Structure formats: C-alpha cells, structure tokens
Amino acid sequence: MFDALTDKFNSLFRSLSGRGRITEANISDAMREVRKALLDADVSYQVAETFCKDVTKAAMGAEVINSLHPGQMMVKVVSDELTKLMGPVDSTIYYVSPGPTVILLAGLQGGGKTTTAGKLAKYIQAQGKRPLLVADDLQRPAAVQQLQVLGEQVGVDVYTEETKDPVRVAKGALKHAKKNGHDVVILDTAGRLHIDEEMMAEIERVAKAVTPHQIYLVCDAMMGQDAVNSAKAFNERLELDGIILTKLDGDARGGAALSVKAVTGKPIKFVGMGEKLDKLEAFHPDRMASRILGMGDVVTLVEKAQEHFEAEEAEKLQKKMAQGTFGFDDFLKQMSAVKKMGGVKDMLKMLPGMGAQVEDVDFDGKEMRQMEAMVYSMSLKERKDPDLIDASRRRRIAAGAGVQPNDVSGLVKTFKRSRDMMKSLSGGRFGGIRGLLSGGFNIDAMSQAMTSGKKIKQRSKRKKVARRKVGRKRR
Amino acid sequence: MGFFSKTTQYLKDRLDKTRTKIADSLGTVLSLGRKIDGTLLDELEETLIRDDIGVETTDKLMTDLRRAYKKKEIVVSEDVIPFLREHIKAYWPQQDRSLRTAASGPTVILVAGVNGTGKTTSIAKLAYTLSQNQRKVIVAACDTFRAAAVDQLTIWAERLGVDIVKHASGSDPAAVAYDACEAALSRRADYLILDTAGRLHTQTDLMRELSKIHNVIQKKIPGAPHEVLLVLDATTGQNAIIQAKLFMEAINVSGIFLAKLDGTARGGIVIAIKDQLDIPVKFVGLGEKPEDIAEFDPEIFVDALLS
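Residue numbers (the numbering used here), protein chains in the order written: chain A, 1 to 475; chain B, 1001 to 1307.
A hint or two may mislead.
With a Cα cut of at most 30 angstroms, we get these calculated DSSO-like pairs of lysine-lysine [unchecked claim]: (1) K164(A) x K1274(B); (2) K1212(B) x K279(A); (3) K36(A) x K1274(B); (4) K1072(B) x K36(A); (5) K36(A) x K1245(B); (6) K1289(B) x K36(A); (7) K1245(B) x K279(A); (8) K53(A) x K1035(B); (9) K1072(B) x K208(A); (10) K1289(B) x K232(A); (11) K1060(B) x K36(A); (12) K276(A) x K1245(B).
Please keep in mind that the hints were generated in silico from the structure rather than gathered at the bench. As the structure is a prediction and not an experimental result, all values here were calculated from the model.
Construct the entire structure; sequences and hints are all you get.
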C-alpha cells in the first residue's frame, strides 16, 4: 500500500549502504530524500519536517551493531520512528455499561462514512454485541437507503426517521435502542466541509443531544495536505476519540495516516481495506511502518542476523577475505549460516524492494544446490586453494556434482575473481553478511554470476554490481 | 456551447475562500519590500507544497523562479507573484476546455473516478445545467455495485426532471450502458450521461469492467463516448496523478471534473495534473447543489490562487 514511499526509502538506504557508519554528513543527504518522499506521499509539510528531525536525532544516537550495515540500522531507526509517530496501538472500542454505547461517525463528503458504518456494525456484531445503525445522513440523496441495504447485508437493524432534523433522528434512535435492547448505536452522519459553519454546528448539536461515547473521524487515505486542516477542525469541534482511515487498499502513499495522527493526537483505530463489509481491520502502526518501508520485516532480519551470525565468526571471515585466504569451505560456512536464517530466498524477501524480484529467482533451489554440490565434490585442498583445479580435477568435480565441467570453471572463476577483489577492497566492508545486507545489489547479476561463468566476459560493464555481489558470494 | 460560461463570475466568487487563504500565506512569505534570498525561496517552496502542487512540479516552478532571479528578471518579492502567475498560466495553453459534443445524435458522456470523489453529484450538476438550457438529458445508473447508488441517481433524476435508465442493483453495468445508448437513440436525447461505480484505479478487474462499458458504448454509438470525464476530489493529494494516469489508460479520459473545490483544499493538484498528464480540467464542483458547477478557467483559477 505504501509502495511508492517504499521505493524512496529503499533508494535512500541504498545510498547509505557502503558507507562505514552513520554520520551527520551522509544522513543529511538521506534525510533530504526522506523529506521529499514524505511530501510526495502527502504527509503534511509540518509533520514531515518534524519526522525528519526526530529520525536524524535517533539515528545519530543509535549504536551501530557490528555485524550489520549502517543502512540496515537506518532502516530500523526510520521504521521505529514511523511506528512511534503512528502509534500507539489502540483498536479497542470502549463499550459502556449500562449501554447503549453510542458511536458517532463524522467526516468530509465521500470519505466512506456509510460503508464504514456498515463495516463497523459487522465488526461489533462479531464481538457479540447487538448494534443499531442510525441513518443520520439526511443530506445526500439515498444515503438512508444505502445504510438500509448495508444493514440488511450484515443483518443489523437500521433506524430511520422521516425528517430533516438529524438531532431528532439521533435522539429517537437512542430511545429506540434502549427500548429494543441494542447495546451499541452507530450514527452515520452527513459528510460536511469543516469550514461549513452551519453543518459543523449541526453535528455539534447532534453530539450534544446524544453524548457519544466514541466519536470517530472517517478519513480518506488519499487526502493531500488538506487532511491536517479538516482533521484539526473536526477534532476541535467534536473532540474525536479516534480515526478510521479508509480506502487504504489502493496505492495511495498514505501520508494522511501519518499526519492526521500527528495533528490530532488521536489513535487510528481501524483501516478500511476494501469495499466488502468485512474489510475493516485493526490498525497496526508497526505493520504499517514495515509496509511503508516495504521491508516485510527488516527488524526481524536484523535480530536473526545477530543471532546466527556470531560477531567473532564474522571477524574471522573478514580477516580471511582481507588476506585472500578465503576458501570454498568458508563459503560453505557462510551458506549454512544463511540457511539457518531461513534460506536465501526468505531472507532476500525481507530486504527492501526485493519481494517481487526474488520470486522469479530460484535461489534455494537448483542453482544453489548445484553450487553446493560442486563445492562438496571438491577435495579439502581444492576448497582451500581453487587454483589447484585443472581440467582433469574439473571433470572429476563436474562428474561428482552432476554438472558440466564448464559449470565448475564458471564457479571457480567467479569465486577467484571475487576473492581477489575482496582482498583488494579488504577492510571487511564488503564482508559476508554485511555485503549481503547492503541494499543496492542487482539480483540478476547475482544469479548470473552464481550459476556459471557465462557472464564473466561482461564484467567490465558490471564492475560495480560484481563487486557488490562478491561479498554475497562469500558466504 | 457556452452553457457553462456564465459561471465564470460564480467561480471567482466561490473561490474567494481559497483565494484569501492562499493570498494570506503567500502574503506572509512575501512581505513588502523583502529581498529575494534563499530563505524566502524556501518559504515559497513550502507554500507551494502545502497547496498540493507536489514536489516535482514545485521543483520545476522553483527552478524557473531561481533562474529568473539570477537573470535579474525578478528582483524584489513583489515580482514573485506576477512571475508565478504568468508562469503557471503558461502551463495551460489555449485549448478546448468546453464539453465535446457529437456532430449528430446524442452526445455521450461517460463519468468515472475512484470511490467518493463525487461522481453522482457531479453528474447531477451537468444534467442540471444542460437541461436548464433546454437540452434533453438521459442519465444512466451504471453504478450497480454500491448500495443504493441507483437510488441516489434516481432521486437526482426526479429532482432535475431528466430521464433515467437503470437496472436492478447488482446487474451488469455494461448492459445498463447498452440499454442507455438504445434509449438515448430512440428517445432522441441530446445528452446521455453515464454514472459508473467508484473504483480504485488499482483494481484491475474493475478497471477492465470500465473498459468494457466504454467499448459497449463505442459499439452502440460510433464516435461515443464523446466525453470521458474523470471526477477527481480536490482534497486528494498526489495520488490524483496516478488515478488520472490509470483511468486514462483504461478509458481514454478526455477531461477532468475537479470536485469539492469549495473546501480549504487548495486544488494545487490541478497544476501538477496539467503539468504531468496534459488532461484538461473542464469543470469544477463547488458545493452540493446542482448549480454549484463552473467551467474551469485557468486564468481565473491561477489568479484566484495567487492574487
């Protein structure tokens, strides 16, 4: 849902990766990008500014975990801050006893109040309550009928009255609910502009008449900069208890989610994820933040990496890389560490922007197994010193692994080139897991180089990519 | 045509609210006699972004502004607004913003958009203006999906005294379109306006359904639909651009109906849409009443925004 924002963040982290650690200098470039991304996503100007300041502060103070790349740390920092801004979690509907609990839905025209009322009724009904829907939108033609149809669909009573006075309807509904044993009353009101004094006064009167226990603002997730203005105005007039964000199943970057929460301070209770009446979901700021970053779950990845990739082990490997003594058995060790983490594919999927691309590449499957088989078919000596592998050894290895000799030479060539490059780069910056985690690699080049030596001739063109890929190969 | 041209003054009046607001914010930025410096340009940039003009288009405007400043075309802050006004206007070269019509037979107008932008209300406004000008209008309720959408259009049709073609809720919208075209031909209507269900542009199956409606119309009446209007909510942010793009791909949008411009939303998205998609904005909606419609006039619009 936050695809576009995600792309921006990914490019930001790509630019961060490859640099040693988070400093004020590299963060300011990055933050400019973040700010632009947020504005592109319709986050209100003020909220975007505040967010960037907070993130900068948090990032500067963050401890850079050894085995991880600063880019990944930044991801964590940004995702934490996003979560903080959109939280805290509170999707509880507070029922009062004795009932009925009165819930008022308010908002601009076309935000999705009526549909949301239907969804909310279904949701509340599933909690074992007996809600009553109240058709209090007497403005829009057929709004009453719409609610009646929805009520029928979810099997909830709908209260209507032939009048032009919404206060009267609200009062009548409350009486009706008490008499008929409804424990929740959901008022669907007319859409109104927050600057329409007459209509705002009217909804105030409705609220005064029935003193709702919960007042929710229904807000379109596609809203632009103006979202803050209307949210603020509604909050001032009605004292909102929460926000319901609608139409989040589209590709709106959803800046409204960030800004509305920030200006009202009220929790986002639910999100509308489709037109069907069961498409009302509790709001999860943490998940939303992950979605914003498109990372599935980098935080989990970070934790996993810490767990399975011992810092010492990493250091040893890095030393070997620097000395150029990194052999095929070290490579196997890294492979198995990666496997412990849940396989390459799962892991890559956790990386920003990788989800879709990874689907087409069979990492855990044939290619990977083939590589493994080739390494296992080598003698220990050969694994340590790939230079030993001549044509006859190559044939033997190929026969052992069930591949063609040129597959073996491809692997060896790529490996050697990688090792040399790694040596010259040394410093360990591209080492092992770090290299793997650096955001900016090219999956195609990676898989090509992994499978065979076919692509090696093109390496001058692919210098950059190859260099990055190297680190990964070394597991 | 000119049915809508009398609305020019109306547009001016209705936009007063928005105008005051923007003039205010620009006014603060451009307090009298202030020198043009980096800070001022930054503040100006902020103002444009707050108007929903979008980062990309704002960047473009700012680049031009900075260039003009370097060339000493603008010197003091008082020059900035006239410069921007001329500049944004230049984005809208004179082009046909009036309603397209059929050479003979009924003019078919297909109306589409995402959920809740105000399609049905906008159709009522068009139908109202056209029938006020003694044109025979038929509306078609192709939104068979949303609960009571058919009822909503029916109520409008009754209020405005125009014919309506409708099927039961849940029926095939393309079939409604087919019948509506037949009705428009046999009843010799001047205008046929088709309402469609709101759909998010990301729902590919629903977008295909829309293409199907479009094709049915095209087959039934050659050359139709003559006008394909996309209704955009003025409060929508940058997502409006993607919406326009995808609807353009599905049904070849010929114009935009910018609804809900009577709020505090600045409508700056219109500038971005023109800049990036070159779809003319044809009408603006300024309220909930059928007469709350105006022909889009870039001159007035930009002046209203910046004066």
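Going down the list of hints, with the structure as the test:
For a cut-off of 30 angstroms, the pair hint linking K164(A) to K1274(B) is broken: about 41 angstroms separates their Cα positions. For a cut-off of 30 angstroms, the pair hint linking K1212(B) to K279(A) stands: about 27 angstroms separates their Cα positions. The suggested pairing of K36(A) with K1274(B) holds, with an alpha-carbon distance near 21 angstroms, which does not exceed 30 angstroms. Our distance criterion of 30 angstroms between C-alpha atoms is met by K1072(B) and K36(A), whose separation comes to about 29 angstroms.
About 21 angstroms separates the Cα atoms of K36(A) and K1245(B), which keeps this hinted pair within 30 angstroms; it holds. Pair hint K1289(B) plus K36(A) does not hold up; C-alpha atoms about 38 angstroms apart against a cutoff of 30 angstroms. Between the alpha carbons of K1245(B) and K279(A) the distance comes to roughly 26 angstroms, so the proposed pair stays at or under 30 angstroms and holds. Straight-line distance between C-alpha atoms of K53(A) and K1035(B) comes to about 28 angstroms, which keeps the hinted pair within the 30 angstroms bound.
Under the criterion of a C-alpha separation no larger than 30 angstroms, the hint pairing K1072(B) with K208(A) is inconsistent with the structure, at around 59 angstroms. A hinted pair counts as satisfied when its Cα atoms are at most 30 angstroms apart, and K1289(B) with K232(A) qualifies at roughly 26 angstroms. With a CA separation close to 14 angstroms, the supplied pair K1060(B) and K36(A) stays within the 30 angstroms bound. Simply put, K276(A) and K1245(B) have alpha-carbon atoms about 25 angstroms apart, close enough for the 30 angstroms limit, and the pair holds.
The structure does not agree with the numbered hints 1, 6, 9 stated previously, though it agrees with the rest.
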